[in-house]
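As a plain string of letters, each chain reads:
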Amino acid sequence: MTRAASSTFLGMPVALPLAGERGTLRGEHPFPEAARAALANGQLRRNLGHATRTIRGKRAAVVAEVPDWEELRDAGAAVKDDVLARLPELLEQFEAAFTARGGHVHWARDADEANRIVTELITAAGSEDDLVRQVVKVKSMATQEIGLNEALAEAGIAAVETDLAELIVQLADDKPSHILVPAIHRNRAEIRRIFLEHMPGVDPALTEEPRVLAMAARAYLRRTFLAARVAISGANFGVAETGTLAVVESEGNGRMCLTLPQTLITVMGIEKLVPTWRDLEVFLQLLPRSSTGERMNPYTSLWTGVVPGDGPQDVHVVLLDNGRTAALADRVGRAALRCIRCSACLNVCPVYERTGGHAYGSVYPGPIGAVLTPQLAGMHGDDDPVDTLPYASSLCGACYEVCPVKIDIPALLVHLRARHVEGERARRRLPTPERMAMATAAWGMRSPGRFAAGERSMRAGRLLARGGRIRHLPPPLSAWTASRDLPAPPQQTFRQWWAGRSGTPS
Amino acid sequence: MRIALMATCLADAMFPRAAQATVVLLERLGHEVVFPTGQTCCGQMHVNTGYQREALPLVRHHVEVFERALEEGAGAVVAPSGSCVGSVRHQHAGLALDAGDEALAGRATEVAHRTYELSELLVDVLGVVDVGARYARRVTYHPTCHSLRMLHVGDKPLRLLRAVRDIDLVELPAADQCCGFGGTFALKNADTSTAMLADKLAAVATTGAQVVTAGDSSCLMHIGGGLSRAGSGTRTVHLAEILAGEGWEASL
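Protein chains in written order, with this note's numbering: chain V, -13 to 492; chain R, -2 to 249.
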């Protein structure tokens, strides 16, 4: 009997794969630094303030109409938790159903694998003397996440974004700054200028009237749709039971991509599944009201494999991990995988409203980005900008309140802060000044005697005060006094007063 | 009722008037206030900055101190802070569980069940809305994030304020927007925090209020720090001080 036969080899524990560096999750600058630059841009602040206030108001109004909104949120969270608990089984069920209807399923561990698969599929869709050089794209976060457009460009394939806002971003060679409204940081005048400078065949008499701008994009995109042989999409949902993919959108440009070309390639994160067709009922109520503030989105496209003679005949789905399994392995952090990318949390976040999305350095900005990005891309410590994301929040809780799948984002932020601190503890032998300060404070606070002594020593702070207020403090507290005063410590602490009152020593 | 006061470390060290006013107010309403002198800090700053390991002994200490107060006859624990009560209620047990200490988690839950923010204690437990105070000033109320969205105190503080004689209570525009404090966020992301504060100060200015009030000394420290730096005549006063009524200091 061999040794292998006498025991079952369960495999070596491996580090779960994180998102590859090819993607667009890791920014170049720490959040506070990137935020400082954004805060200095007055136009950006005005554009964002106006746009987020408008969407916030619309969302609040249509959510208030739904009597069972809280129950719907509970249902959304429960369905997604069920998906996460049974993910391997549901993925295989989806694969079987999708394949049975004539679709092809591909599995991608990370961004590089997914990009390679898509590139090969596009190449295979043409022939040697008739290569596919241009594809059309439905707005998709998954393909943004893996940097697909850039990877295709390297292979000589142009990917044309057909969502109006994505098109604006693409023409300007800019980056999206919002999950749903990627050009939220732009106003009409800027969009007119971008079209005039970069849109092929645009009418030079273009005005900044919204209808005129939309018609210019429409004319350009119509030509592109009719010439396209391959379309790339993401998916809002994948139904495990039936093998159905779903895209919801407002413009109808997605519908053009999903129906006109011969080949359709969808890149979908593995967490996008719902178990059954009926579960869509919950999400098709939650998503439009949360995202665009509409009762129902104008276009809902659903497709199940291939229908002979109708629509794309060569249909593929790439199931993408890119750090999702690693997130799933975190008992607390996995709740972020419930996310349906509605972006309600961005629109209510006071930090996002002021800094905009670019400051986060990730395609997933705002509160959900701050809990998703560190889990997908990993926090590498030292000066990794991703490590600063969980701290990019005042923990005000507005995000949790609006989340349609009840992700407790503040709790997740705190959890990821702890993961960052534990990571630093493991990496650095010498404690950071912050860690020393925290340890000292905790030591002082563990004993009432030491705590009272610490309070008494704070009285020395009165020497720094002029007219009862402190205007300058040494670092790191100078970050406070740069913009706010601090009152002088009181003559007497509460416990001293209490001791005097009750006649017991403090 | 005998009520154990959780003064909070910040009020104890920096803003004793908030805790003193809480004592004066509750005694005037006929209750006995005890101050367990072993108390220090709930550990929220450590937890929210990622120092769970350092926070755990503080949580254990907090639970021991207030568990004893409850055993010795206190019917409730009160804090003049939504944020610290939020930490007790929504963080302590979870922290103990993460550390594998189920017994501590259970005890923390028991203490949390009987810990109230001031407006909750007054309205829900003691059943008072009119606390018999008079306060002849123009006042605007800032609902702090943790009292609003973690504890869901709703309009309890406003109901208490509306019942105060001679008060000129004016609504704060965009009141539910965070002031930008967020504990160490105010230091780590000082620029963003300051941008949020600027908008809060502008909203306060439109009210023409003489006094901004709130249920948390920490948020008031931030708003007050901004008002002071701007040379504004508007002052910050804790909710407890208004409810204790004009001249409450005389009973100190």
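None of these hints come from the bench; they were simulated from the model. Check each hint, because a few of them may be wrong.
Said to hold, decoys possible - Cross-link-like lysine-lysine pairs, in silico, BS3-like; alpha carbons within 30 Å at most:
(1) V/K392 with R/K185
(2) V/K44 with V/K161
(3) V/K392 with V/K44
(4) V/K392 with V/K161
(5) R/K185 with V/K161
Fair warning: this is a prediction, and the values are worked out from it, not measured in the lab.
Which of the stated hints cannot be reconciled with the structure, identified by number in ascending sequence?
-> Hints that this structure does not satisfy do not exist here, as all of them hold.
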